[in-house]
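Colleague: Next come the chains, spelled out residue by residue.
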Amino acid sequence: MADRPTQEFGEQTSPHAGEAMRMGELEDWFVREVLPLEGVLIQYLNRGARSKADAEDLRQDLYERVCTAVRDGVPNSTRSFVFTIARNLLIDRVRHEQVVPFDTVENLDELNIAIDEPAADRVVVARQELRRLQAALEKLPVHQREAVVMRKLNGLSVHEIAQRAGIAERTVREHLADGVRTLADILYREYLTTERKL
Amino acid sequence: MTGAAPTTSQAPGRADRTDELASNFLIRQFDMDDWNQADQVELDAWLQASLAHRTAYWRLKAAWTRANRLDALRPMSVPRASSGSHWPAKIGTKLAAAIVMAALLGGGIWVSNRPASRTFATAVGERSNLQLADGSRVELTTNTTIRVSTGTQDRKVWLDKGEAYFRIVHNDRHPFVIHALDFKVVDLGTEFSVRRESDRIKVVVLKGSVQIDPPGSVADDKPVRLTAGETAVADDKSISVSRPSQNEIADALSWRSGILVFRGAPLREVVAELNRYNTAKIVIDDPKLSRLTISARLPANDVNAFARVAQNFIGLKAKYSSDEIHLSREEK
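Residue numbers (this note's numbering), protein chains in the order written: chain A, 1 to 198; chain F, 1 to 332.
In isolation and in its complexed conformation, chain A is listed as follows (with noise of 0.2 Å):
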């Protein structure tokens, strides 16, 4: 019982939350509708990004954003909605900033338009989303790879993945750690070269 709807596991409503939208729908909103842009969105969030960590840092504010302004009301086009943000949050970049490229403006325009197509068809049949799985598997590092594919394919434990590696328990979960954060990168970024509509 994993995922009660209505009962995250240890999650509670936090005091600012209001009644529009419970942290658990909040959740799933931002897992459905949010995480399948990421790809683009890094896209996006580059142009403007003094480095990769700054787009990171960049992206944090954005779904911080996102998840605090949805909760005022669902969006009908998450996409737009989205990319709404993302733009001011750019905007503001470019006014309190020097040191943004001067393009990024001048490019969000364009961007935009690019942004309204229709939402590539997010349904994922088993069996594609498995191939997608694998080929981010064969994309982590080398130990990332075996720890995940350790304890995800073979169902170990870390205790038994430590014994089997010969490795400390810290070890492997430190690889783990690292494992789930290259593989949400991949998983929620390469997403555009990889999914074919159904």
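It is possible that some hints are incorrect.
Simulated pairs of lysine to aspartate or glutamate, EDC-like, Cα-Cα distance not exceeding 20 Å [as the list claims (entries may be wrong)]:
id, chain 1, residue 1, chain 2, residue 2
1, F, Lys319, A, Asp92
2, F, Lys317, A, Glu25
3, A, Lys139, F, Asp71
4, F, Lys161, F, Asp172
5, F, Lys202, F, Asp213
6, F, Lys161, F, Asp323
7, F, Lys202, F, Glu273
8, F, Lys207, F, Asp172
9, A, Lys52, F, Glu20
10, F, Lys237, F, Asp199
11, A, Lys52, A, Asp92
12, F, Lys281, F, Asp323
Everything labelled a hint here was simulated from the structure, so no lab data went into it.
With chain A fixed as given, assemble chain F onto it according to the hints.
Modeller: Chain F alone, transformed into the frame defined by chain A:
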């Protein structure tokens, strides 16, 4: 791929640190045995501190949950211990521990040549793969018990309850026989499943052929031979053979990858099937609902997924209690 490798020379930004913390929490919470109340309190506090923390945690959790599907690729020789939750179960039974040891030694389960039978069982929501001494493989679905006796002379399995899929290494001189109820299902070089219900058995043949030997009481009393693509239902009156479409065969065996497929099945059947796989049971409060027909592909181990379908697509009302989900008609 920011935030991926810990050894990156680039000084990580705020988001990278958030992601790192979130991933540490996540792995400790879902993959370690020692997660406790204090850890939970710490996580809750961290999540409540900022929506940025929450989105980072949600994002990684979603990716980690997706990766659970990888268990469909699990090789046969490695034991499977899928659980009712999204997260792999802790392998609990002594049997499973033995399986793991065998797997670590590189083999899978090697049942010894002793003629005495050995029992293998799965709990509700569990699946398990076995490799027998003769190289034959058996996949057990939820809540299933078999006894295996593979001596040098004969190879026998008793299906005491549940359902199993067999990939038999054929040997003309030593037939492989599955006993279920009073029937014998005899391998003739094949892959097939046998399911035992209270008063009948169902056999689905994917490859090769099998023979069903009825007990003396069955009317026509003759062995029935099934070939690839055929299914049979045998009870104490008759054995009826049918040849469904390839898709239907695949649907009937989809439990092997943790999926249940229904095409125009009555709700009560769907619920009964899901309840085989889950400790949290679905209860239909309104008997009239039982006759609703459902077509769906559902994850076997996720009753909540079904409850969501019931609510969002069929318009039923779902009420959750501690270990039951009650379905009723939406009151208008």
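Colleague: For each hint, tell me whether it holds in the structure or not.
Modeller: How the hints compare with the structure:
1. F:Lys319 <-> A:Asp92: It is violated: about 46 Å lies between the C-alpha atoms, which goes past 20 Å.
2. F:Lys317 <-> A:Glu25: holds, 17 Å
3. A:Lys139 <-> F:Asp71: Status holds; Cα separation ~18 Å.
4. F:Lys161 <-> F:Asp172: violated, 27 Å
5. F:Lys202 <-> F:Asp213: holds, 13 Å
6. F:Lys161 <-> F:Asp323: Violated, because 23 Å separates the two Cα atoms, which is more than 20 Å.
7. F:Lys202 <-> F:Glu273: holds, 14 Å
8. F:Lys207 <-> F:Asp172: holds, 17 Å
9. A:Lys52 <-> F:Glu20: With a Cα-Cα distance of about 16 Å, the restraint between lysine 52 of chain A and glutamate 20 of chain F holds, given a limit of 20 Å.
10. F:Lys237 <-> F:Asp199: With a Cα-Cα distance of about 10 Å, the restraint between lysine 237 of chain F and aspartate 199 of chain F holds, given a limit of 20 Å.
11. A:Lys52 <-> A:Asp92: With Cα atoms ~19 Å apart, lysine 52 of chain A and aspartate 92 of chain A stay inside 20 Å; holds.
12. F:Lys281 <-> F:Asp323: holds, 6 Å
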